[in-house]
Amino acid sequence: MMNFNEFVKSPSAIASGHRLCAGCGAAVVGKLVTKALGENIVVANATGCLEVATTIYPYSAWKVPFIHNAFENAAATISGVESAYNSLKKQGKIKKDIKFVAFGGDGGTYDIGLQSLSGALERGHNFIYILYDNEAYMNTGIQRSSSTPFGANTTTSPSGSVIPGKIKNKKPITEIIAAHKIPYVAQASPSHYMDLIKKIEKAKSIEGPAFINIISPCVLGWKYPADKTIEMARLAVESNVWPLYEVIDGEKWILNNEPKNPIPVIDYLKEQGRFKHLFKKENKDMLKKIQDEVNHNFEMLKKKSEFSKDF
Amino acid sequence: MKMALTGADAAAYAMKQINPDVLPMYPITPQTQIVMKFSEYVANGEVNTELITAESEHSAMSSAIGSSAAGARTMTATSSNGLALMHEIVYIASSMRLPIVMNVVNRALSGPINIHCDHSDSMAERDSGWIQIYNENPQEVYDHNLMAIKLSEDSNILLPTMVLQDGFITSHAMESLNVEADSKVKSFIGKKKYEGYLLDSKNPKTFGAIDLTDYYMEHKYQQHLAIKEVEGKLKTIYKEFEEKFGRKYNVIEEYNTKDSEIVFVAMSSSCGTIRHRINEMKKDGYNVGLIKVRLFRPFPIDEIVKALKDKKKIIVLDRANSPGAIGGPLYEDIVSATKDYKLNIYNIIYGLGGRNFAPKDVDEILLKVVKNQPFVDFHGVRR
Numbered sequence: 001m002m003n004f005n006e007f008v009k010s011p012s013a014i015a016s017g018h019r020l021c022a023g024c025g026a027a028v029v030g031k032l033v034t035k036a037l038g039e040n041i042v043v044a045n046a047t048g049c050l051e052v053a054t055t056i057y058p059y060s061a062w063k064v065p066f067i068h069n070a071f072e073n074a075a076a077t078i079s080g081v082e083s084a085y086n087s088l089k090k091q092g093k094i095k096k097d098i099k100f101v102a103f104g105g106d107g108g109t110y111d112i113g114l115q116s117l118s119g120a121l122e123r124g125h126n127f128i129y130i131l132y133d134n135e136a137y138m139n140t141g142i143q144r145s146s147s148t149p150f151g152a153n154t155t156t157s158p159s160g161s162v163i164p165g166k167i168k169n170k171k172p173i174t175e176i177i178a179a180h181k182i183p184y185v186a187q188a189s190p191s192h193y194m195d196l197i198k199k200i201e202k203a204k205s206i207e208g209p210a211f212i213n214i215i216s217p218c219v220l221g222w223k224y225p226a227d228k229t230i231e232m233a234r235l236a237v238e239s240n241v242w243p244l245y246e247v248i249d250g251e252k253w254i255l256n257n258e259p260k261n262p263i264p265v266i267d268y269l270k271e272q273g274r275f276k277h278l279f280k281k282e283n284k285d286m287l288k289k290i291q292d293e294v295n296h297n298f299e300m301l302k303k304k305s306e307f308s309k310d311f
Numbered sequence: 001m002k003m004a005l006t007g008a009d010a011a012a013y014a015m016k017q018i019n020p021d022v023l024p025m026y027p028i029t030p031q032t033q034i035v036m037k038f039s040e041y042v043a044n045g046e047v048n049t050e051l052i053t054a055e056s057e058h059s060a061m062s063s064a065i066g067s068s069a070a071g072a073r074t075m076t077a078t079s080s081n082g083l084a085l086m087h088e089i090v091y092i093a094s095s096m097r098l099p100i101v102m103n104v105v106n107r108a109l110s111g112p113i114n115i116h117c118d119h120s121d122s123m124a125e126r127d128s129g130w131i132q133i134y135n136e137n138p139q140e141v142y143d144h145n146l147m148a149i150k151l152s153e154d155s156n157i158l159l160p161t162m163v164l165q166d167g168f169i170t171s172h173a174m175e176s177l178n179v180e181a182d183s184k185v186k187s188f189i190g191k192k193k194y195e196g197y198l199l200d201s202k203n204p205k206t207f208g209a210i211d212l213t214d215y216y217m218e219h220k221y222q223q224h225l226a227i228k229e230v231e232g233k234l235k236t237i238y239k240e241f242e243e244k245f246g247r248k249y250n251v252i253e254e255y256n257t258k259d260s261e262i263v264f265v266a267m268s269s270s271c272g273t274i275r276h277r278i279n280e281m282k283k284d285g286y287n288v289g290l291i292k293v294r295l296f297r298p299f300p301i302d303e304i305v306k307a308l309k310d311k312k313k314i315i316v317l318d319r320a321n322s323p324g325a326i327g328g329p330l331y332e333d334i335v336s337a338t339k340d341y342k343l344n345i346y347n348i349i350y351g352l353g354g355r356n357f358a359p360k361d362v363d364e365i366l367l368k369v370v371k372n373q374p375f376v377d378f379h380g381v382r383r
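Chains as they are written, first to last, in our numbering: chain X, 1 to 311; chain Z, 1 to 383.
Heads up, some of the hints might be wrong.
Derived list of chain Z stretches under chain X, where covered just means 3 residues or more per stretch with a C-beta under 8 Å from a C-beta of chain X [what the hints assert, rightly or not]:
1. 14-28
2. 51-65
3. 69-76
Simulated crosslink set (DMTMM-like; lysine to aspartate or glutamate; CA at most 25 Å straight-line) [stated by the list, open to error]:
4. Z/Lys202 <-> X/Asp97
5. Z/Lys2 <-> Z/Glu46
6. X/Lys99 <-> Z/Glu195
7. Z/Lys342 <-> Z/Glu254
8. X/Lys89 <-> Z/Glu303
9. Z/Lys248 <-> Z/Asp200
10. Z/Lys368 <-> Z/Asp259
11. X/Lys63 <-> Z/Asp200
12. X/Lys95 <-> Z/Glu46
13. Z/Lys191 <-> X/Asp97
So, partial list: chain X residues that the calculated Cβ filter (under 8 Å) puts toward chain Z [what the hints assert, rightly or not]:
14. Asn69
15. Ala76
16. Val81
17. Tyr85
18. Leu88
19. Lys90
20. Ile94
21. Lys202
22. Ser305
By construction, these hints were calculated from the structure, which means they are not laboratory data. Bear in mind that the values here come from a model prediction, so they are computed numbers and not experimental data. Yeah, the Cβ is synthetic: ideal placement off N, Cα and C, and Gly gets one too.
I would like the entire structure built from these sequences, with the hints used as guidance.
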C-alpha cells in the first residue's frame with residue numbers, strides 16, 4: 001500500500017482550475033481516488049456536478065482519457081470501453097494494462113443509473129464504480145434523490161408547514177450492490193483518507209467489478225461553511241451515520257471502524273442547514289427517529305460482520 | 001457463392017464477416033434473430049467479437065458508444081421500442097462522431113403494442129444525425145452492412161449508420177442471395193483505425209464535454225457538413241462495390257420511369273410488390289414507374305428532383321404517419337425537395353403495424369389517384 005508521502009506525491013487525474021465549488025466534496029473524492037489509482041486509467045463519468053464542472057468545452061480538467069455519455073449510463077459506457085479493451089488485447093492490438101473507472105453521483109447511481117449499473121455488475125466487467133454520494137440532485141439545484149436522508153430539506157422535499165422535509169428513508173445502495181455478490185464493495189469517507197486509499201488499492205487489485213460508496217458533503221446542498229467539508233464527513237463517520245465497511249463477494253462483511261463512543265447524531269445534524277427545521281419543538285420525534293435508525297442500522301452491520309467473520 | 005438466407009440471417013452473416021471488435025445487444029422482436037445468430041458465431045469461436053449482453057437497448061447503445069469511443073469497430077441491432085428506448089443515446093453517438101453500424105429491423109412503435117412492420121420507429125430517428133439506408137431484400141441488407149462500415153468509418157464522414165430492413169417481411173423471409181468470400185469482404189471493408197481514441201492513454205482525450213451557448217451550434221454545424229458528404233462518398237463506395245462484386249446500386253433506384261407519367265415513390269420491401277404489378281400492368285399496356293428511395297438520410301435531393309420533375313402524378317407511399325402534420329415523413333421531404341416545380345403529389349399512408357400490402361393495393365391506389373386531385377390519405381384502413 002502507498003504510504004502517506006507517496007500518496008501526497010502521486011498525481012491526481014483532475015487538474016486545478018476546474019469549476020467545482022469551493023469546498024466541494026466531489027472534487028476531493030475525485031482527486032483522492034485518482035491519486036490512489038495512478039495513471040493507466042480510463043474514466044467514464046455520469047452527468048452531474050463532477051462532469052459538468054470539469055469539462056466545459058474547450059477545457060477539460062482530466063489528464064487521463066475521459067468519457068461522458070449521459071446521466072444514467074456511466075456503467076454501461078465503461079462496459080463498452082472495457083469490452084473494447086478486452087477485444088483489442090485478445091487480438092494483440094493493445095499491450096498495456098488499463099484499469100477502468102466510472103464516477104456517478106447519487107442521482108446517477110441510486111436512481112436513474114441503477115439499472116445500467118446492475119447490468120454491468122451482473123456481466124462482471126472489470127471496473128471500479130465510484131459513487132460520490134452528496135445525498136441529492138445538487139447539479140440541478142438540490143432536489144431530493146432516493147439517497148436523501150430522512151428529514152432533509154431539499155427543493156423538492158422542502159420543510160413546509162405540513163410536511164417537514166423528506167419523509168422517506170435513504171435507500172441502502174451499498175447493500176443493494178453487495179447483493180449482486182460482486183468481489184468487492186466498500187463504503188468510505190474522505191475524512192478517513194488512509195482507509196479510502198486502502199480501499200481504492202484493493203478495488204484496483206481485484207478482477208471483476210468493485211464498488212465504493214464515498215460520502216461527498218455538499219456546501220450548497222447541506223448548507224455549512226465551505227471549510228467544513230471534511231469535518232462533515234468525519235462527523236458522519238463518528239456518529240455512525242456513515243459507517244466504514246467492506247463486503248467481500250456479497251457475503252463477508254467487515255466493519256473497518258467502530259467508534260468507542262459514537263457522537264450523538266444531532267451533533268452531525270445541527271451543523272447543517274438542511275436539517276435546521278428538525279430542531280423545532282414540533283419535530284423532536286424526528287430527531288429521535290433518526291438516532292434510532294442509525295443505532296439499528298449500525299447494530300445490524302455489526303451483527304453481519306460478526307456472523308460472517310469466518311467466511 | 002449463393003446462399004439462402006432470411007434478411008436477419010443475411011445481416012448476421014455480414015456481421016460475422018465484418019467481425020466487429022464489440023457487439024452490445026439486447027433482444028427484441030423481430031431483430032432478435034440477428035443477435036441470436038451472431039451469438040452462435042461467438043459461441044463457436046467464428047468471430048473475435050466481445051458480446052455485451054446488455055440489460056436494455058439504452059445500455060446497449062451506451063456500451064456501443066463506450067466501445068466505439070475506445071476505438072473498437074462496433075455494431076449492434078434493434079427494432080421498434082428498443083430503438084425508441086435508445087433515442088437519447090442515438091443522438092449522442094452521432095454527435096460524438098462515432099462510426100457505429102446498427103441493423104434496424106423496422107417494426108411499429110407502441111402503442112398499441114404490435115410486433116409487425118412499419119417505419120414509425122426509424123422515422124422517429126430521422127433527425128438524429130445518423131445515416132439511414134432502407135433495404136428491400138436480404139441481398140441489399142447483406143451488401144449494405146459491408147458498405148455501411150466503409151461509409152461510417154471514412155475519415156471525412158465519421159457518422160453512425162442504420163441499415164434498415166422490414167420486420168418479418170424481409171427479416172424472416174428466406175431468399176437466395178450472393179455472399180462474398182471472407183477474404184474479399186475483409187479487403188473491401190479495410191482496417192479500423194484505433195489511434196486517437198480512449199485507449200490511447202499517451203494522448204488523453206475528453207469525449208462528451210459540455211458545450212454551452214458558445215460552442216454547441218458550431219458542433220451541430222460540423223455534423224451538418226459531415227452528413228452532406230455522405231451521398232457523394234456512398235456513390236464512390238457503390239462504384240467500388242460494383243467493380244469488386246458486380247452488384248450495382250444508387251442512392252435512389254428508378255424502375256420503368258422513362259415513359260411513365262405516373263410514378264410511385266416508396267421504400268423497402270413494398271418496392272418488390274409495386275415492381276411486380278408494374279411488370280404485369282405493362283403487359284396490359286399501362287406504364288407506371290417506381291422510384292425507390294434507398295438513402296433517406298441524408299435525403300438525396302438532386303437525384304429525387306431529377307427523377308420526379310417531369311412526372312404527371314407522383315404517389316408517395318409512407319409506412320409511417322406523422323399525426324397532425326401535412327403528410328407522412330417521406331411525402332414531406334419529397335414535397336420540399338420539389339417545391340420549385342408544380343407537381344401533383346399524392347400521399348398514401350399504408351401498411352401500419354404490418355397491415356398487408358398486396359399487388360391489389362397497388363391497383364386500388366392507382367385507381368384513386370387517376371380519379372382524384374392530389375390528396376393525403378390512408379389506404380387499407382377500416383373506417
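So, going through the hints one by one against the coordinates:
1. 14-28: holds (count 3)
2. 51-65: holds (count 12)
3. 69-76: Check passed, 5 qualifying residues.
4. Z/Lys202 <-> X/Asp97: Roughly 13 Å between the alpha carbons, so the hint for Z/Lys202 and X/Asp97 holds.
5. Z/Lys2 <-> Z/Glu46: Given pair Z/Lys2, Z/Glu46 holds - Cα atoms ~20 Å apart, limit 25 Å.
6. X/Lys99 <-> Z/Glu195: 18 Å, holds
7. Z/Lys342 <-> Z/Glu254: 21 Å, holds
8. X/Lys89 <-> Z/Glu303: Measuring from Cα to Cα gives roughly 45 Å; hence the hint is violated.
9. Z/Lys248 <-> Z/Asp200: 39 Å, violated
10. Z/Lys368 <-> Z/Asp259: OK: Z/Lys368 and Z/Asp259 at ~21 Å, within 25 Å.
11. X/Lys63 <-> Z/Asp200: 12 Å, holds
12. X/Lys95 <-> Z/Glu46: Holds - the C-alpha atoms of Z/Glu46 and X/Lys95 are around 23 Å apart, at most 25 Å.
13. Z/Lys191 <-> X/Asp97: Cα-Cα ~23 Å, so holds.
14. Asn69: 5 Å, holds
15. Ala76: Holds - the Cβ of X/Ala76 comes within 8 Å of chain Z, reaching about 4 Å at its closest.
16. Val81: Cβ of X/Val81 sits 4 Å from chain Z, so the hint holds.
17. Tyr85: 6 Å, holds
18. Leu88: Holds, about 6 Å.
19. Lys90: 7 Å, holds
20. Ile94: 6 Å, holds
21. Lys202: 23 Å, violated
22. Ser305: 31 Å, violated
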